[in-house]
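Chains as they are written, first to last, in our numbering: chain A, 8 to 121; chain B, 26 to 138.
These are computed hints drawn from the structure, not numbers from a lab.
Check the hints yourself; a few may be wrong.
[As the list claims (entries may be wrong)] Residues from chain B that keep clear of chain A, each with C-beta distances beyond 12 angstroms, as calculated: (1) Thr-38; (2) Asp-88; (3) Gln-108.
[Said to hold, decoys possible] Partial pick of chain B residues on the chain A-facing surface, computed with a CB cut under 7 angstroms: (4) Gly-76; (5) Leu-85; (6) Pro-86; (7) Phe-90; (8) Gly-123; (9) Ile-124; (10) Thr-126; (11) Gly-130; (12) Gly-132.
[Unchecked claim] Computed from the model, here is a short list of chain B residues facing chain A with C-beta under 7 angstroms: (13) Pro-80; (14) Asp-81; (15) Phe-129.
C-beta: ideal position from N, C-alpha, C; glycine also.
So the chains spell out like this:
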Amino acid sequence: GDSVTQMEGPVTLSEEAFLTINCTYTATGYPSLFWYVQYPGEGLQLLLKATKADDKGSNKGFEATYRKETTSFHLEKGSVQVSDSAVYFCALSAASGGSYIPTFGRGTSLIVHP
Amino acid sequence: GAGVSQSPSNKVTEKGKDVELRCDPISGHTALYWYRQSLGQGLEFLIYFQGNSAPDKSGLPSDRFSAERTGGSVSTLTIQRTQQEDSAVYLCASSRGGIETQYFGPGTRLLVL
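This is chain A alone, in the form it adopts within the complex (with noise of 0.2 angstroms):
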């Protein structure tokens, strides 16, 4: 079945520093890839997402791009603030039989401090 791998948190850095986190992909069908934040205490909401090969998406300074050969879609940011502080999920939705379930990674903790 599909599967989204994230690399572990926490991350943790000081502000205005260069933030990656990894995310690696298998899915037997052509899936759009997301990802999604979750601030302390609030529910999930879509942060940037893509739909077909070497799309990048990007919102809020974050940028990922969807990479086919390497089945990667990196969340990268070049100056983080400490309102960037929270819990960022990878995730992936592909048909698979009439059915569009999507397939989210662990989640990666970012914390950033002053």
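Given the coordinates of chain A, work out where chain B should sit on it, guided by the hints.
Here is chain B on its own, set in the frame of chain A:
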């Protein structure tokens, strides 16, 4: 319009009691999902509704768990004879279907004593 709402936001119950959790999806969204998020864990898929099709129940952990969606809108997740291991945050999400973006509710935090 309004986002996905869930109620109650918190629920404390005694072991062995039944609980009902409610989800109001975004109007017009045909797909609705239930997930469970345990402390420090990722999202565990429970059940998926798409339009008028039979729900995909492949993620339900036991026959104590059931869900229904009335009129293609509101959904209720029922846990019978709750156990302490059922303690978790239960998340609901809705979408336009297919591979479209999911919109999550704030969750119901369930504690079984």
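Quiz item: Against which earlier hints does the structure fall short, listed by number upward?
Solution: Numbers 4, 5, 6, 7, 13, in rising order.
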